[in-house]
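Colleague: Protein sequences, first through last, are from chains U and S.
Numbering of the first sequence is given in the numbering used here, commencing with residue 1 and proceeding in unit increments.
Numbering of the second sequence is given in the numbering used here, commencing with residue 1 and proceeding in unit increments.
Do not rely on the hints blindly, as some may be mistaken.
Residues of chain U clear of chain S, computed beta-carbon distances all greater than 10 Å [what the hints assert, rightly or not]:
1. I21
2. A33
3. P36
4. I47
5. E54
6. A56
Taking lysine-lysine and the DSS-like style, the derived pairs with C-alpha atoms no more than 30 Å apart in a straight line are [to be verified]:
7. S:K121 <-> S:K159
8. S:K227 <-> U:K41
9. U:K41 <-> S:K219
10. S:K299 <-> U:K41
11. S:K219 <-> S:K282
Simulated from the structure, these hints should not be mistaken for lab results.
Each residue gets a CB set at the ideal place from its N, CA and C atoms; glycine is no exception.
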Amino acid sequence: MTGSIAALGAGLAVIGIGIGIGQIGGHAMDAIARNPEASNKISSNMIITAALVEGAGLFGIVVSLLK
Amino acid sequence: MVEQVSLHRILKSISLKKLNRFFLLFLFASTVMQATNVEVDVHESDTAKESTLDKEKKAYDPTDDIMHHIADSHGWHLFDWKGHEIGIPLPVILYTDKGLVVFSSSAFHHDSEGKHIVEIKGQRFINFHNKIYYASEIPSGHGIYAQFNETTHVISNSKPWDISITKNVASLLLSAIIILWLFLSVARFYKRQQSHRSPKGVAAFMEPIIIFVRDEIAKENIGPHYKRFVPLLLTFFFFIWINNVMGLVPLFPGGANVTGNIAVTMVLAIIVMIVTNINGNKNYWSHIFWMPGVPVAVKPLLAVVEFIGIFTKPFSLMIRLFANITAGHIIVLSLISLIFIFETALVSPVSVLLTLFISVLEILVTALQAYIFTLLTALYIGAAMHEEHH
Chain U
1 MTGSIAALGA GLAVIGIGIG IGQIGGHAMD AIARNPEASN KISSNMIITA
51 ALVEGAGLFG IVVSLLK
Chain S
1 MVEQVSLHRI LKSISLKKLN RFFLLFLFAS TVMQATNVEV DVHESDTAKE
51 STLDKEKKAY DPTDDIMHHI ADSHGWHLFD WKGHEIGIPL PVILYTDKGL
101 VVFSSSAFHH DSEGKHIVEI KGQRFINFHN KIYYASEIPS GHGIYAQFNE
151 TTHVISNSKP WDISITKNVA SLLLSAIIIL WLFLSVARFY KRQQSHRSPK
201 GVAAFMEPII IFVRDEIAKE NIGPHYKRFV PLLLTFFFFI WINNVMGLVP
251 LFPGGANVTG NIAVTMVLAI IVMIVTNING NKNYWSHIFW MPGVPVAVKP
301 LLAVVEFIGI FTKPFSLMIR LFANITAGHI IVLSLISLIF IFETALVSPV
351 SVLLTLFISV LEILVTALQA YIFTLLTALY IGAAMHEEHH
């Protein structure tokens, strides 16, 4: 096999993002189920938090792309 | 049934290729062992090895093609027609030692390997990987008019200041025209109408989005003084959104990777940093340099952390937009490349369906990234203008 080990780094970074966003999404669903009236506020906060988690993970991906 | 057949073919082609590889590796090893016996120039033997590798390893490597597609370029490539590249030449504008030099990128004859010299005002230029360099007197290897560092293989020719209208710049100008048309037609509608009728045409499309940015993003996160920042946030939102969408269009007016260019996102992030810090009040600066409510011993430590925070916030904005859009482009191109990697047309239905799926997802991402960038900008400005309440 040929290829760069950087791909492994990108994959590991994505695992981290996946766990983080999964937690956020799951708990947001819980919260909406408990209080459907607040679903707008919850989902916009969910997106902000997901973006922050994703941003941290993307640092890893970018670094692994740069090699 | 059809899927089974194609899967079988794919597996077969892979195993065949592996066998081939072992055979070729053996061949390659034997040629290398022979080559070591012969005294040749170090660089020459390197290139010889590379060329034999190219010939023997037939597996298609999509990395170069993908990187070429997401990078900026002189000249806008449209399509290939009977082996010739058809594209729109763009002006190359250089600030050289002897003043300003302007010529069309068609002077390079679609060469981006540094093999074709353009001579103007007694200066010679080459286009090497879409960057303009001063050409060397004599070609090094491969007919490239450039000198390379022996160990790192980095080009060592000097560069003129390049302020050309590249593909990204042309795309930016096009987006600017689209945004101007959108907002001027909306403005014209509201100027003309006297009574409070419901909006029509472009205004009907834009009004809910503009109201959304004003109420849900600006008012919600900045606070009472939000009105000053609505134009800025609207500009960010529509600039990013429209450039993202244009990047998704594979045909001519689109296809440039503007928001996936780190220079563009860096400028946006710098604007955010300047606006945030100019509008920072006493409370904001005291929280950075002398955090209230913590022991004195911790204050200098927190000051360092908070000071770095001034730069990391816009930095994360820059990386987020750049990485999201670039990743989207890379995924689409990789899925298309699957056809060429497996070397069979039977993969194409899978490849096209996956590309369609990702493209639909990317349409969501275009709006989402514009939203997140604008929202976080509003949050940072809001935090900088937050009044202390006891």
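Colleague: Now tell me if each hint is right for this structure.
Modeller: Hints, one by one, checked against the model:
{"no.": "1", "hint": "I21", "result": "holds, 13 Å"}
{"no.": "2", "hint": "A33", "result": "holds, 23 Å"}
{"no.": "3", "hint": "P36", "result": "holds, 19 Å"}
{"no.": "4", "hint": "I47", "result": "violated, 7 Å"}
{"no.": "5", "hint": "E54", "result": "violated, 7 Å"}
{"no.": "6", "hint": "A56", "result": "violated, 8 Å"}
{"no.": "7", "hint": "S:K121 <-> S:K159", "result": "holds, 16 Å"}
{"no.": "8", "hint": "S:K227 <-> U:K41", "result": "holds, 22 Å"}
{"no.": "9", "hint": "U:K41 <-> S:K219", "result": "holds, 14 Å"}
{"no.": "10", "hint": "S:K299 <-> U:K41", "result": "violated, 34 Å"}
{"no.": "11", "hint": "S:K219 <-> S:K282", "result": "holds, 22 Å"}
Going through the hint list in order, the structure does not satisfy hints 4, 5, 6 and 10.
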